[in-house]
Amino acid sequence: MSAVREIEYRDALREAMSEEMRRDKRVFLLGEEVAEYNGAYKISRGMLEEFGARRVIDTPISESGFAGLAIGAAMMGLKPVVEFMSWSFSLVAADPILNNAPKMLYMSGGQFGCPVVFRGNDGAGGQLGSTHSWCVEGLFSNVPGIKIAIPSNPYDAKGLLKTAIRGSDPVFFLESERMLGNKGEVPEEEYLIPFGQAKVIRSGTDCTLASWGRPVHFCMEAAEEMQKLGISCEVIDLRTVRPLDIGTVVRSVKKTGACVVVDQSWSFGSPGSELASQVHRHCFDDLDNYVHRVHSADVPTPYATNLEQEYLPNARKIAEAVRSATYNL
Amino acid sequence: MTSLSHPTAGGTSAPASPHSVVHTKVYGDAEHLQVPAAATHVSSEQMLDWFKQMLLIREFELRCMQAYQEKKIGGFCHVYIGQEAVAVGCTAAVQHKDPIVTAYRDHGHALARGMDPKHCMAEMFGRIGGCAKGKGGSMHMFDRDNNLYGGHGIVGAQTPLGAGLAFGCKYMDEVIDGKPNSRVSLCFLGDGALNQGAFHEAMNLAGLFDIPVIYVVENNGYSMGTAIARGTTMAHSLITKAAGYGIDGYVVDGMDVVGVYADMKRIADKCRATSRPAFVDMRTYRYKGHSMSDPRKYRTKEEEEVFETHDPIGRLEARLKTAGLLTDDSLKAMQKAVRDTVRDAITWSDESPIPPMAELYHDVFVEPWGPYTGSSQPAMNGGTANPPSMRTIDTKEELS
Ligand SMILES: Cc1ncc(C[n+]2csc(CCOP(=O)(O)OP(=O)(O)O)c2C)c(N)n1
Ligand SMILES: [Mg+2]
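As they're listed, the protein sequences go chains A and B.
Under our numbering, the first residue of the first sequence carries the number 1, and numbering increases by one thereafter.
Under our numbering, the first residue of the second sequence carries the number 1, and numbering increases by one thereafter.
Note that these hints are calculated values from the structure, not bench results.
Worth double-checking, as some hints may not be accurate.
[Unchecked claim] Pairs of lysine-lysine residues, derived as DSS-like cross-links and limited to a Cα-Cα distance of at most 25 Å, are as follows:
1. Lys179(B) - Lys25(A)
2. Lys255(A) - Lys183(A)
3. Lys25(A) - Lys97(B)
Excised from the complex, chain A in its bound form (with noise of 0.2 Å):
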């Protein structure tokens, strides 16, 4: 096997769409700024370029208008892949993007399919503040009928974007701007990444850290620091939280008989707490404590930098859950 090289997440990003684009014409990008500024965060750089006007397209700033005809596009047999500059602004699209594309095959008995994939910035970033923070995974993860992709890293992000691509049923494809420019090994060759699968990516024996999108870099980091501690922690990357890999998570539980659930999002009705009610039901005999939950403080997102940073899930606040989670070692 080759050497394996090293890509920026965005450049996964660009690899899975281009790929997908060459393969299947049916493929198309549309969104604010994608083409011929190259997109705001440079994901879709040189596409124009490739693929033309037709097929990698500007929008106006009109979320619901250009995400609402995205699913138009899809239930007519196309596979449009949209850009949100950020999830934040996907708000204003609830309608198309709830309503419409997660439900069309539902209440057409089957004849109407959305394979639309939504992709874009989710979470904070650097200091933007309250209205563009948001974590959508806690608001859409409540609906049925939507699939919801949150990569921590460039080798997901490609294997996962293309199956999301490729598949034929609505996709939530959650990046972040924060890990954009992170580098990790992407192979050359093709390879696509299964929904539902998810990845152990340290193993471990006291306790289970749970975690998705960015938050499992402070997972490990956390991981570090308890090791120092004696306490040995398994790390999982769910990689998607619909569908949830449930058994993945239950299995190490069984082994360590602890559990902490990192979540970006806000606790209340979150992917975080759906998880760690699910594993008190299949764990319940096998934990020696309650499930633990980091997530975001339950306030708005916060401007000020040391604000916004005990605002968000970090790696002193997990190893405190863990060293909770683990009282009795």
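Let chain A serve as the given structure and place chain B with the ligands on it in line with the hints.
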């Protein structure tokens, strides 16, 4: 001509009646629609066919109202009585391959598009024989074989979809198949939907991207109890809204099926040829309440009576009789045939089974776990042995 004006006519600058502005092209390139309506050939067979379709829709809707009273139909149910000429004329003016999408007042469009009345009725009865297996209901009529992309319940929601359907058609023809665009989409909306943001975004996109979508505003003068002029600016001249988006606007008498056909045919032909959108202020009237629970306190009896004299069915009946194409006897025979069809649809729907419980979990995803699963998901989270509360979280079916 009547002295009472369409509710559209709010304010002094309004035309006296919708019918006084029929066939007037107000904005855009002037030549095209100045072809007189008579130049669009309409055969006697076509007229008779439209007549039958309108009779069918009216009978179907009357029986829906009855079935609603009998509690066979639940939820919200909006009937199309009075507006029949719009769906029938517009559908006739486009080709079967052209996609159609509409709002919740959708039974007429479904029938005009060719949906079997049985499937339409059974849908409302919540039966497995319904067009969507009883999972859509009155507001959500979908028919893939007839290129009907739904009834949509959220006011205005279908307007970006309509643009997307036409965009999809054009993309498939031009980008994938490398040939000129061959289709237009018809997107129906109520006058109330004009005030939704989604509609304005869709119009802007359609104008900007040269999308061949035709927005047909079924301007029945009211959104629920709100007369159009109480909720919509420029109610007397809605096409000015299209002008703002660089889209050609037309006013059409929606109570005359032959006129609807003739005007819509020319509008659709033009959209197809130029790959441009259009906007139609289709002046019509709904005779019944907004939905099944509407005593119509917001309008006068006199107004209703005036519009009853414009009845699209009555008008065509008179025309057919004058032309010697219809006699009292042939009319009776047609009415009987229509009554039989609808009665059969009701009997059939009564007999259609309720959806099996497994349907609750079907059609959530095309591929519950994605195309490349190989998932490690254990049986604990799927499969029939598990309680529904778990299966709704992950619907992988093949797990046991
Ligand atoms: C976004 C939204 N708001 C409110 C409603 C409730 N509602 C249903 S129909 C209707 C009136 C719409 O009137 P119009 O668009 O003129 O259509 P018509 O009923 O006359 O066919 C309203 C307010 C809705 N379905 N969706
Ligand atoms: Mg109306």
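Quiz item: What are the numbers of the hints that this structure violates, sorted from low to high?
Solution: 2
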